[in-house]
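Chemist: Here are the chains, one letter per residue:
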Amino acid sequence: KNEVEQSPQNLTAQEGEFITINCSYSVGISALHWLQQHPGGGIVSLFMLSSGKKKHGRLIATINIQEKHSSLHITASHPRDSAVYICAVGNTGNQFYFGTGTSLTVIP
Amino acid sequence: ETGVTQSPTHLIKTRGQQVTLRCSSQSGHNTVSWYQQALGQGPQFIFQYYREEENGRGNFPPRFSGLQFPNYSSELNVNALELDDSALYLCASKGPNQETQYFGPGTRLLVL
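Those protein sequences? They're chains A and B, same order as listed.
The first sequence begins at 1 in this note's numbering and counts up one residue at a time.
The second sequence begins at 1001 in this note's numbering and counts up one residue at a time.
Treat the hints as calculated values from the structure; they're not laboratory data.
Quick reminder that beta carbons are idealized off the backbone N, C-alpha and C, glycines included.
Please note that the accuracy of each hint is not assured.
Among the chain B residues that face chain A by a calculated CB cut under 8 Å, a handful are [claimed, not checked]: (1) His1029; (2) Ser1033; (3) Gly1042; (4) Pro1043; (5) Gln1044; (6) Phe1045; (7) Leu1090.
The following label-pair restraints were derived from C-beta to C-beta distances [to be verified]: (8) Glu1082/B to Phe18/A: 42 to 52 Å; (9) Ser51/A to Arg1015/B: 38 to 48 Å; (10) Lys53/A to Leu1112/B: 40 to 50 Å; (11) Pro1008/B to His69/A: 32 to 42 Å; (12) Gly1040/B to Pro79/A: 21 to 31 Å; (13) Pro1061/B to Phe18/A: 42 to 52 Å.
Please model the entire structure based on the sequences and the hints provided.
Modeler: What follows is the structure, given as structure tokens:
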């Protein structure tokens, strides 16, 4: 069993739709990261969370420490949001565990 | 543009060879982490260096080793390459009071 599970694995949405990607983890963590990876491999760090909620533009990330669950929301989705979104958790031992990613395609 | 560069961009090696991958971080980024991402998989954490010392390691064998230098560059060395080492290798760095890791573009390694 993976320490980090994401759902869905693949997601196709129409432009403008509200999108939610979920992440559940089974280890104790110091922080949770949401990453965006475009074709070709480049990774951008979107958020780092240890509690509550963060918002950046059309992106919102939430975390529930008790339930060991986080969600990434994209409002008013756009084709340029098409990418793989990866959830990763870091523990106090400086180890990181990654989900396998959610591949998002936004259709114009 | 993250300010983190990696070299080479692509590399082909044969089984049993050794490889050194390089990462150059932003000035002041004294924490660097290395990750392996196989095709179609999420990244796997290899190890983390802080101020030139390894301070965290994932489930990788000792033939994966690293170095971090005072000029904010670092290396990932892999000895006795195996076919399964074929992957994208990513480095990421951050400064002392930063939350965000900055990722390099990665090095694609193919082991034949």
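Chemist: Hint by hint, note whether the structure agrees.
Modeler: Hint check:
1. Restraint check, His1029/B versus chain A: the minimum CB separation of about 13 Å is more than 8 Å; hint violated.
2. Interface restraint check: Ser1033/B against chain A, minimum CB-CB distance 7 Å, threshold 8 Å, status holds.
3. Annotation: interface hint on Gly1042/B holds; nearest CB of chain A at approximately 4 Å, less than 8 Å.
4. A least Cβ separation of about 5 Å between Pro1043/B and chain A falls short of the 8 Å threshold, and the interface hint therefore holds.
5. The beta carbon of Gln1044/B is positioned within 8 Å of a beta carbon in chain A (closest approach about 7 Å), and the interface hint is therefore held.
6. Look at Phe1045/B: its Cβ gets to within about 4 Å of chain A, closer than 8 Å, so that hint holds up.
7. A hinted interface residue such as Leu1090/B counts as satisfied when its beta carbon comes closer than 8 Å to some beta carbon of chain A; here the least separation is about 6 Å, so the hint holds.
8. Separation of Glu1082/B from Phe18/A is about 44 Å and conforms to the stated range, judged on CB atoms against 42 to 52 Å.
9. Between Ser51/A and Arg1015/B the CB atoms are about 46 Å apart, so this pair conforms to the stated range of 38 to 48 Å.
10. Between Lys53/A and Leu1112/B, the C-beta spacing of about 47 Å keeps the proposed range 40 to 50 Å intact.
11. Checked against the hint of 32 to 42 Å, the C-beta distance between Pro1008/B and His69/A comes to roughly 39 Å, which is consistent with it.
12. A hinted range of 21 to 31 Å holds for the C-beta pair Gly1040/B and Pro79/A, which are about 22 Å apart.
13. About 44 Å separates the C-beta atoms of Pro1061/B and Phe18/A, a value consistent with the hinted range of 42 to 52 Å.
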